[in-house]
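Colleague: If you want the building blocks of each chain, they are given just below.
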Amino acid sequence: MESRPRSFYVLAAFFCLFLLFLYGPTLTIGILSFQGPQGGLTFPMNGVSLHWFRDLFEVQAVGDIWGSFRRSFVLGLMVMVTTVLISVMAGLAFRKRFAGSGILFYLAITSLVIPSILISLGVGLIFNQLGLKVHWATSGFGSQLTWTLPFGLLIMFAVFNRFDKSYEEAARDQGATAWQTIRFVVLPIIAPSLIGVALFGFTLSYDEFARTLLTAGSYNTLPLEIFGMTTNVTTPVIYALGTLTTLFSLLIIAVFLLTVWALSKRRARFGSDAGKGV
Amino acid sequence: MPRSLIAWLQVTPLSLILMGFLVAPIIMIVIVSFWGATEFSIYPAFQFDNYEFLFGSPVTYKVFLATFKYALITWAFTLVIGFTVAYFLAFHIRSQPIQIALFLLCTIPFWTSNIIRMISWIPFLGRNGIANQTLISWGVIDAPLDWLLYSDFSVILAFVHLYTLFMVVPIFNTMMRIDKSLLEAARDGGASGFQTLRHVIIPLTKPGIMIGTIFVVTLVMGDFITVRFMSGSQKANVGRLISNDIALLQYPSAAATAVVLLCTVLIVIAILMRFVNIRKEL
Chain A
1 MESRPRSFYV
11 LAAFFCLFLL
21 FLYGPTLTIG
31 ILSFQGPQGG
41 LTFPMNGVSL
51 HWFRDLFEVQ
61 AVGDIWGSFR
71 RSFVLGLMVM
81 VTTVLISVMA
91 GLAFRKRFAG
101 SGILFYLAIT
111 SLVIPSILIS
121 LGVGLIFNQL
131 GLKVHWATSG
141 FGSQLTWTLP
151 FGLLIMFAVF
161 NRFDKSYEEA
171 ARDQGATAWQ
181 TIRFVVLPII
191 APSLIGVALF
201 GFTLSYDEFA
211 RTLLTAGSYN
221 TLPLEIFGMT
231 TNVTTPVIYA
241 LGTLTTLFSL
251 LIIAVFLLTV
261 WALSKRRARF
271 GSDAGKGV
Chain B
1 MPRSLIAWLQ
11 VTPLSLILMG
21 FLVAPIIMIV
31 IVSFWGATEF
41 SIYPAFQFDN
51 YEFLFGSPVT
61 YKVFLATFKY
71 ALITWAFTLV
81 IGFTVAYFLA
91 FHIRSQPIQI
101 ALFLLCTIPF
111 WTSNIIRMIS
121 WIPFLGRNGI
131 ANQTLISWGV
141 IDAPLDWLLY
151 SDFSVILAFV
161 HLYTLFMVVP
171 IFNTMMRIDK
181 SLLEAARDGG
191 ASGFQTLRHV
201 IIPLTKPGIM
211 IGTIFVVTLV
221 MGDFITVRFM
231 SGSQKANVGR
241 LISNDIALLQ
251 YPSAAATAVV
261 LLCTVLIVIA
271 ILMRFVNIRK
281 EL
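So the protein sequences, as listed, match chains A and B.
Residue numbers are given in our numbering: position 60 of the first sequence equals residue 60, and the series is strictly consecutive.
Residue numbers are given in our numbering: position 91 of the second sequence equals residue 91, and the series is strictly consecutive.
Treat the hints as calculated values from the structure; they're not laboratory data.
Note that the coordinates shown come from a computational prediction; the quantities given were computed from them, not determined experimentally.
Beta carbons are placed, not taken as given, at the ideal position from N, Cα and C, and that holds for glycine.
Be aware that one or more of the hints could be misleading.
As the list claims (entries may be wrong) - Okay, the calculated bits of chain A under chain B, using three or more residues with CB under 8 Å as the criterion:
(1) 7-14
(2) 18-25
(3) 40-49
(4) 101-114
(5) 124-133
(6) 240-254
Starting from the given sequences, assemble the full structure and let the hints guide the process.
Modeller: What follows is the structure, encoded as structure tokens:
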């Protein structure tokens, strides 16, 4: 192995600084959330306690955060399932050019780049003028999809750009119907990427703020609740909440990544033996 | 069944969602931007008052200028940092598992809450925060710096913190597709490391840079929450202009500003899209 050039060490140091920049603040509030009962929002630590985590379970200290957590969780699952289903279907369609495919693609890009507050404002106005009540599970749900679907679609493009069509041709030559080809050949091959789409769908929804601001109605989602707290809570309880929800996000990410890893392991074990001379 | 019919059926759900929650809201905003408002309600009309007021107010120009300023500065920082990080990952890490692990480390924060990540700067930047305490203990400054938090500095710092990932990922993606033999050829031809970077890697990475640019510029231009939170409501951008109007129930005025913002963003994107074919680059 050739020795590392000097630029490697400079860049490695830069990379470490970048990671510190990325994670340092989050770790800091992680530490500060263990402040003693008299502690403030900054260092020094005034003792070490679980006081602020206990506060999270008292309604008078923090309001309805567990209700908002439940709503965000359910909404995240709804958005996740819908995003995966719609993205896969659209991804399959976009493999061939069809009338309107260009317009639809640019609409999806617009959906990605449009300032989120416009979706919030527009959807809020429509519901308002139609005399409908905005609710996180209807208007909030639809607004979040305008953010997650373009990501899902772009991932599907990336997947199908790399997809080897000869697998499908082989299935068809063996007499598989169109549905069988998708169900038993295409879907298993793209399964790990679908977990990626699901991860995007859930986490982007779970953390979404701007698009739900005017579309969630009277029951807040968790990010809205947290933002509300920033204006009137001046104790480390907000760090405790931040730490807990970040840990929850990390747990979700870990579950998804482990699933992808397990799938690829399984595939390596049970995969094709073609060309191995078995 | 004809093939195009199947394709249409497959994209029907996507089209319906985009129609209902993207196209219809945009049309609604355009319509309402011509409406009038009283203190408590809005009423249908066809008047240009909102636009006249918007273009007649010097605040508008100042705020649009500030928005472009945020976008430009954030873009410059995220580009330099993102390119350097992606370059290190793509060309200096030799083992693939480590490469994947480090890449994931860079992307994980993207899947956590932006608001929490903003809040987490407070203990760093506050008057008695870590930055001020450290600088004082080193003797660099005598009194705490006031401009660390609730200033343009903290706004841009938060933008860079939140959005550098959007540069790292697409740039890394294009770099990984550069044929390594091109780099060998450059070295064999006698190019220095810097020359290889300048004449081989950067030109081949341009599509990734463009995609990252589109993400960062649109996210910063459409933002209102980062500016509000990190500036302690002391700075403004166009998004905040809109959200302030919304808070005052002045929806027609908010809609007019939103229309102008949307046109601005779409023009910027249209210019950037001329340099890159997104679908080919994924």
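Colleague: Of the numbered hints stated earlier in the document, which are not met by this structure?
Modeller: Violated hints: none at all, because every hint is consistent with the structure.
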